[in-house]
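Based on the provided sequences and hints, a complete structural model is requested.
Sequences listed follow chains C and H, in order. Heads up, the first sequence is in the UniProt record's numbering, so the first residue is 1 and it goes up one at a time. Heads up, the second sequence is in the UniProt record's numbering, so the first residue is 1 and it goes up one at a time.
If you are wondering where the hints come from, they were derived from the structure by calculation, not from laboratory data. Treat the hints with care, as some may be off.
Heads up, the list lumps identical chains together, so a pair's fine if it works in one copy or across two of them.
As the list claims (entries may be wrong) - Distance condition first, Cα-Cα at most 27 Å in a straight line; then the derived DSSO-like pairs of lysine-lysine:
| id | residue 1 | residue 2 |
| --- | --- | --- |
| 1 | Lys368 | Lys385 |
| 2 | Lys204 | Lys392 |
| 3 | Lys50 | Lys2 |
| 4 | Lys197 | Lys50 |
| 5 | Lys104 | Lys392 |
| 6 | Lys262 | Lys404 |
| 7 | Lys236 | Lys165 |
| 8 | Lys226 | Lys197 |
| 9 | Lys415 | Lys404 |
| 10 | Lys262 | Lys157 |
| 11 | Lys144 | Lys385 |
There are 2 protein chains.
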Amino acid sequence: MKAEIIAVGTELLLGQIVNTNAQYLSQELASLGIDVYFQTVVGDNTSRLKQAIQLGTERADLLLFTGGLGPTQDDLTKDVVAEILGRSLHIDRMAMDNIERFFKDRKVPMTENNRRQALSIDGATPLSNETGLAVGNAFAEGGKFYILLPGPPNEMKPMFEQQAKPWIMQHVLTHEFPIYSRMLKFAGIGESALETKLLDLIEKQTDPTIAPYAKESEVTIRISTKAESESAAMGKLDVLELQIAARLPEHFYANEDVPIEKTIIDIMTERSLTLSCAESCTGGMLMQTLTTIPGSAAVFLGGIVCYSNEMKEKLLNVPHELLEGENAPGAVSAETAKVLAEQVRMIVDTDFGLAVTGVAGPAYSEGKPVGLVYIAISRRHGETKVYELHLKGNRSTIRLRSTKTVLYQLWKQLKLNETRTDK
Amino acid sequence: MKAEIIAVGTELLLGQIVNTNAQYLSQELASLGIDVYFQTVVGDNTSRLKQAIQLGTERADLLLFTGGLGPTQDDLTKDVVAEILGRSLHIDRMAMDNIERFFKDRKVPMTENNRRQALSIDGATPLSNETGLAVGNAFAEGGKFYILLPGPPNEMKPMFEQQAKPWIMQHVLTHEFPIYSRMLKFAGIGESALETKLLDLIEKQTDPTIAPYAKESEVTIRISTKAESESAAMGKLDVLELQIAARLPEHFYANEDVPIEKTIIDIMTERSLTLSCAESCTGGMLMQTLTTIPGSAAVFLGGIVCYSNEMKEKLLNVPHELLEGENAPGAVSAETAKVLAEQVRMIVDTDFGLAVTGVAGPAYSEGKPVGLVYIAISRRHGETKVYELHLKGNRSTIRLRSTKTVLYQLWKQLKLNETRTDK
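Structure below.
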């Protein structure tokens, strides 16, 4: 089964937006075991769109279109696909009702061109749009499969997930068992090191399959299997997950697609543990990251960004002798990181206190090199752990890696503690 | 002049990475006045790559390739392009020296396959790689132009900017004047409202041209002109910039591609003004954003994330009566925002104090709706301004918009102050 993704829109050819739809659909098709041979981007132009459709029909079995379903005269996808395949268009009643309701609810008059968004190709399955107005289409013709999806990712993704994907499983992959997948998430390890640890499993993979999955600054693998029932699939995935987990006990933090801060907030909520932070070089990034998680307020109570030395002294009681003077360790030091973590924990009165202080660059600080960062984790009735990091990259990378490293070390402490009996 | 961008790499077809190269090159080509008619993505496969090259040669005048210049057997671009056009490959001496130096410096033995990265198509101009090892190529053949660039964006962008772009201006756009562009940046206004304000200018644009430019959560337009000299171009751009600026004095913050926090840090550094923040619902995002800017330490001294009510009382002296009780305004209120901004300004001892408190969701808080946010700006010897926002979107959008709004209002105060005489 060969697929081609055709994104339609002049805004893509002008570089006004990046084609994230192609990435999303490629990942989804890969997870269904369908090979994508080409991704094409074409503008809002009838003759070039025709060219792309004809070419796609020659070289692929399944064509997925995104974009060009909107209300304006520039939105051509349905018209051109219908014309090439000799089909007509009609107004889909449910889609039209949805559009009329939308304008009525907003008390805005509906302009006539919005009717175009309810157009459906004769004989196609309409794919309803839960988050927008333009209806999608799916149909087979001459042994080829055509799926038309809207361009905005917030409309395209739910339509694919809830409607196009089941349609593909039912009509395209008819003779195959459905695919079941699971995401395994890792922290504190790079992609190549992870692959090395799993090399023999990856090389001999047949069923379930193992695939790396791109996620910004996280290492993720997806394990997938075809099976006749969900329980049969889960059994196979469980076995492989246990095998992988056993090899990477210090890195494997979740078997679903969540960031490590979510796992941390969940563990700490369950154990009724609280957290505070003192940040210097990360300037708030650590707290910002933790508070992206809904419900983080139960765990994270507050913290201090002490960007200047005065603030480290005034708000976090770092002794002046530690920060300044000929033989002082300075703001970027293990000693200061330790005091920051312990003080913020005591001031905010939490079970854990985290601290980050370092040189994010671009300039040296205190004669210390860019990338030197100290992080500390203080805990009530426990010893404060301090870690010295030597990070590579520019200012934003160093800040991000510092944040990720604190989170990783905190997760590791929480996990270690779970397997001991002292809690 | 019609161009096609061909990205080569199976990792793109698997969705492991997103094709940001196509966006970058499309923007760059648009700024040179070159139309991109197709973007194509093809895998590391000889026969399909051949297909893509032949098709591109038929339908475009200028073909830009990214990817497939690396050391492995999967990296096919140069081999296949050379084969199709009947040219041979040779080792480029300078590129080879660069590769040998790289391995010598790192005291790592060079594997033989790295020689492939020095391959150059006979008769092509080698494009040296300042940030990597694979050499690029540019040449003309049969009235068509071919440019081969590496895949990693951190290698591709500098090679395009410093070498491919001048090559295009010299060899492809021979009979045309070079293009000069300027980015104009706006805050506190949406893209469609901006376009409405400039509609007549956009509609009658000929020279300079006006184009919206996609940037995450910012509104940017690029004005461009062709001219025989830089000074002639600058004159024309200055006139249009003044016209646009006059229409949007409360929104136009920079005539270069910088975020508003950069402009704020610059203005405050110049005026020796300092800043502190108290954040509730944004959880550190405001401070994190300010400290992305190198040199922000001169302006931003520190701040407090007061996520819990206890912390608002303890660290920022918000009166208990304000936060709790039957008729208390609560944590999400104009009164609390005002106290937070004033207190953080006094505690950290800065010229300005910023505060954000609101309901980011997903759940209601204090019986107040998701999206209700109060921001406050306190200044030394000045009145505290409080703004009530009703924001739409999910948790992360609400946090982002709150942050952007505080920054915008701060910039507006700083700008207003500049035109008055009280400073």
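Hints, verified against the model:
no. : hint            : result
1   : Lys368 - Lys385 : within (22 Å within a copy, 41 Å between copies)
2   : Lys204 - Lys392 : neither (34 Å within a copy, 49 Å between copies)
3   : Lys50 - Lys2    : both (20 Å within a copy, 18 Å between copies)
4   : Lys197 - Lys50  : neither (48 Å within a copy, 36 Å between copies)
5   : Lys104 - Lys392 : between (55 Å within a copy, 20 Å between copies)
6   : Lys262 - Lys404 : both (13 Å within a copy, 25 Å between copies)
7   : Lys236 - Lys165 : within (22 Å within a copy, 52 Å between copies)
8   : Lys226 - Lys197 : within (25 Å within a copy, 56 Å between copies)
9   : Lys415 - Lys404 : within (16 Å within a copy, 37 Å between copies)
10  : Lys262 - Lys157 : within (23 Å within a copy, 35 Å between copies)
11  : Lys144 - Lys385 : neither (61 Å within a copy, 62 Å between copies)
In this structure, the hints that do not hold are numbers 2, 4, 11, in rising order.
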